[in-house]
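Enquirer: Below are the chains, spelled out letter by letter.
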Amino acid sequence: MTRYVMSIDLRRCVGCQTCTAACKGANATPPGVQWRRVLDIETGEFPDVRRTFLPGACMHCGNPPCEEVCPTGATTQRADGLVNINYHLCIGCANCVMACPYDARTIVHKSHFSYGNQPLPSEAMGFDPERVAVSMKCTFCKDRIDEARITGRTPGIHPEVTPACVNSCISGAMEFGDIDDPGSNVSRLLGETQHYRMHEELGTEPGVYYIWDKS
Amino acid sequence: MKNRAKRISDLALPRQQRNWDGRAAANFIAGGAGGALLLMAAVAGLGTEATRTAILLGLVLIGCGLTCVWFEIGRPWRALNVYRHFATSWMTREAVVAVAVFAAGGLAFLTVWPPLVFLTGLAGLAFLYSQARILAANKGIPAWRHPRSVPLMVATGLAEGAGFLACVASLSSPLAGVWVLAGLMALIAGRAFFWKSYLAGLTADGAPIAVLKVLSGMDSKLMLFGHVLPALAVMAALAEMPGRNGWVLSAGFMVVASGWFLKHALVLRAGFTQGLALLHVPVRGGGTAGPAAKPGWKIMPDAKAGY
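Residue numbers (the working numbering), protein chains in the order written: chain D, 1 to 215; chain R, 216 to 522.
According to the in silico footprint, chain D covers these stretches of chain R (three or more CB under 8 Å from chain D): (1) 279-291; (2) 301-315; (3) 345-353; (4) 502-514.
If you're looking for bench data, these hints aren't it; they were derived computationally from the structure. Where is the CB? At the ideal position from N, CA and C, for every residue including glycine.
My request is simple: use the sequences and hints to build the entire structure.
Expert: Quick look at the structure:
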């Protein structure tokens with residue numbers, strides 16, 4: 001079996017938002033919508049104050065609550081673990097948006113662009129009218145993952161078949177790969193470090209691991 | 216109060232959901248009351264005309280709620296796709312039950328045949344229960360996913376149905392029966408119990424601070440106008456005080472209005488998202504890891520995780 005997951009090393013992330021920009025470029029998300037974003041969180045009290053950069057997106061859960069509530073069957077889980085939305089089936093009821101504890105889903109009811117109603121040439125190229133008024137979210141760049149099956153290349157190793165955010169990360173904080181393969185870069189990294197998954201107590205089995213220390 | 220500029224760190228905080236607005240809330244408000252009214256009409260033993268009026272009102276309420284939702288969804292012309300996921304989706308189940316409600320309810324309205332009226336009542340109860348489960352299935356909204364939200368939504372729906380029935384009975388028959396009043400009183404007490412139980416459970420298990428502020432802030436108003444005053448009005452009617460039907464009507468009205476106020480607050484004002492959390496603040500350089508952080512949450516020391 002294959003189960004694609006992502007690991008994010010919080011010790012390495014510098015909050016540069018390059019992954020956010022790369023995702024926007026690759027997926028042509030509308031203004032104000034970020035499938036991938038990096039939060040800047042301050043914790044503690046003076047003088048022991050800490051600053052953490054927390055990249056977030058769809059967690060491609062093993063037990064996705066969005067899939068459970070979806071009344072149309074538009075949200076499905078693939079055999080390789082990716083949670084997918086069929087834009088042709090979705091009715092935009094927003095039930096999945098409410099079910100996601102990671103704030104990963106968005107519905108944009110009217111198409112709009114950076115400078116009004118007319119898209120820039122770059123926006124026109126990526127504009128997909130099927131994504132208007134339906135639920136959308138990070139896909140783990142599934143087109144690239146699908147290409148890997150055809151070309152025989154390995155996601156997480158070969159950039160052409162690796163999610164755009166992972167490719168763009170300047171500090172090497174993000175890794176992607178098959179956690180069911182003990183030899184994958186993600187499996188080895190998680191074996192060497194201490195990590196957690198966000199809101200795991202809700203039973204969602206998220207597919208993103210946050211590394212916080214060496215083991 | 217001055218508005219503070221929004222910072223990127225604010226995205227980690229629980230925030231009020233904006234995807235379900237008043238139209239979605241209207242479905243829970245009107246649909247739940249309508250479903251329960253159908254049940255009450257089936258068991259109250261009213262006369263033919265009062266039963267027919269109650270059934271019609273119940274169907275209209277459910278129809279209004281579903282119409283509001285239809286106007287809310289992003290792709291309304293694909294609405295029939297809602298029937299594609301019966302296996303796990305409570306929204307699909309609600310839609311299936313709605314067909315049964317209108318089929319049985321339409322025939323019951325025309326014939327007032329007791330078995331059909333009873334079947335309509337059962338379908339109404341199933342509709343109410345489906346709505347409660349739709350809310351509870353949303354893991355992203357702590358105020359909704361708490362297990363005690365299901366009995367609360369069912370209890371308030373039943374109380375609203377009884378409230379409507381009391382109004383119908385007071386307007387259409389000379390005297391509302393003692394059983395109607397006793398039932399209304401029991402449902403008022405039941406809703407008060409489940410409301411307090413829900414609030415206590417949410418506080419004990421941990422919730423976003425903003426949610427507790429909204430719900431605690433409305434507690435006294437809800438108890439007074441939704442429970443104490445209607446109960447006094449029912450007692451006045453039971454004691455045969457002058458203007459008996461007026462007491463019944465006012466009790467029914469207050470129970471319905473307070474139930475709608477409760478559901479409006481739960482769906483719109485207390486519908487805060489989960490927010491994000493750091494189970495461990497990472498080690499930087501040669502330092503040590505920091506403690507966990509869950510911005511915007513109030514967590515009791517002995518709170519159980521992941522309710």
